[in-house]
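*Asks:* For reference, the chains in residue letters:
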Amino acid sequence: MTHHRPSPPVARGTRGAHPIGPILLLLLLVAGLPAEATLVLLEPVEDAARAADRVLVADVDHLSTELHHGAVHTRAWLTPILDLDDPPLDGPLSVLTPGGRHGEVATRVAGSPQLSPGSRVLLLLDRGNDGEWHIRGLALGHFVFHTHLDGRTAVLRDLRGLGILPPPVPTDPDHNAHQHADAPAAFWWHELEPALRAARASHPPSGDSDPPHAPSDSSPAPHEVPPTAPHADQPRPTPPGPLTP
Amino acid sequence: MSILRTPTPRHLASAFAAALLVLLATHAHAFVRTMTCTPPGETGGTLTCRDGEQPLPLYWDAPCIGYHVHQDGLETLGPETTHEQVHRSFATWNDVPCSWLRLVPRGLTDEDRVGYDACGSSRRNANVVLFREDQWRAGDSAPIIALTSVTYIVRTGEILDADIEVNAAHFDVGIVENPFTSRHIVDLQNALTHEIGHLLGLDHTSPDDRFVGDPDTWQEAAMHALTRPGETRKRTLHEDDIAGVCDIYPADVGHPDGDCRLDPTPDGFFVRPSGELRSSCPDDRACGCTATPNHSHGPPALLLLVALLALRRRTRPL
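Residue numbers (this note's numbering), protein chains in the order written: chain Z, 123 to 367; chain U, 1220 to 1537.
Chain Z on its own, in the form it takes in the complex (with noise of 0.2 Å):
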């Protein structure tokens, strides 16, 4: 009998993207999906947002990864550029992700994010016990802009990691697969962003390094965020200042 190491050099039964996206689309919405993870309670965005510590609008600067209690963890470098609380943060900070490459070796963790390097980002934050900011439940806390064909700005979160939404990811948020009653994964941000401001309103203070602010009366007009990160040679905005459109 011949032997073989059990690893081919290609994958086999790994899925690419299919052509008939519209029926597999029309599909997923049929089937409906259960209300929560193996890995992560997929929470509704406005219930996540309101449990979460913090949630900002940042651009990805760059990533390391380090052992973190021993674990293999990759650190976000970001900037901000839209704070929902106030006050906001004061500069820059970094998110820990758990899993990344670290040397020859690398650490996977079905779920978790992957921020890429220049990109701009929406982010639902925990401060963990150890001090650092973590991004909540994995995956499903970061959210990334994209730019329609008609010139709107979308945010998609973030299911891939969790196998929920076929890859690619359309961009459209008026696309029926994207609405699920109990978790819809696309946004247009000019509506989310009343809807996240208004469920921060209703967040309790949670101490430590997060000041407590104090409830709007009035939700401020919904800011119009530039889906991606400015190229190098351009000028940065100012974090966190005012966003002009």
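Because the hints were derived from the structure by calculation, they are not lab data. If you're wondering where the values come from, they're calculated on a predicted model, not measured in any experiment. Even for Gly, the Cβ is constructed at its ideal location relative to N, Cα and C. Errors might be hidden in some of the hints.
Heads up, incomplete: computed chain Z residues facing chain U, CB under 10 Å, no partners named [unchecked claim]: (1) 234; (2) 238; (3) 260.
With the hints as your guide, set chain U onto chain Z.
*Replies:* Chain U only, in chain Z's frame:
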């Protein structure tokens, strides 16, 4: 009037789509193998493939893989019942005739660290199942039920270590006796069976195959990402889960080292060969890494190595 009609382009397109669906339904699987890196262009963070790298599927390169269970178990179930549930979960994946990999219980441990340290001891790198009851690791309120951290060699995809953590700090983890009366309980065996699939090298089933076959059965796969408290159907493997593990470890091909014949020494720890990785270890830390693949080394062997290395360092000329 003839009942035969000339097919229109629309009819042809429909027929083609139907044929395509049948074809995919016949050959496609929903299982997905975990890959070493993510192709550039997709969001992959630090796991994005570098120049010249191709994504490779993860695998264990040994006929049997040992695992340890934290000695404390779950407070609500007690150690014995907890350990029994853990062993049942692993046994589910062992009970697959078309797979040659066997998961072997190696006893209890008080090790509560996860991850892999190429320069660390065999004890440090055991595959462990942990229960976080007082404090969950990533944020105090993060709604995570369980995590599996799989560490591997990027260049080959060989898995070095896999640790499972169960969040009993925020969830009522136990045994679902009756789905109607235990709707708030996260079933331990249900969750662990899923996590062990990650330990073996499987990722979440892909929803882009939802249209293949019966969509209801697709959602019954143990590697389906979603569950609810009270669910127990992931305790048993779906045919797609079986197809996945047998794709990685096909019994009809077998492993070069033969069948699993691990000596079930209760206090032994599985140690991976990691000479290449150890080359960067400082001398004073490398002692604990020395190991032979697929054999268990007890504390006396490690102590002997430590003593020999210490002696060698003392006699080294200045």
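*Asks:* Hints first: check each against the structure and report whether it holds.
*Replies:* Results for each hint:
Taking 10 Å as the C-beta contact cut-off toward chain U, the hint placing residue 234 (chain Z) at the interface holds, the least distance being around 8 Å. Interface restraint check: residue 238 (chain Z) against chain U, minimum CB-CB distance 5 Å, threshold 10 Å, status holds. This hint holds: residue 260 (chain Z) has a C-beta 6 Å from the nearest C-beta of chain U, less than the 10 Å allowed.
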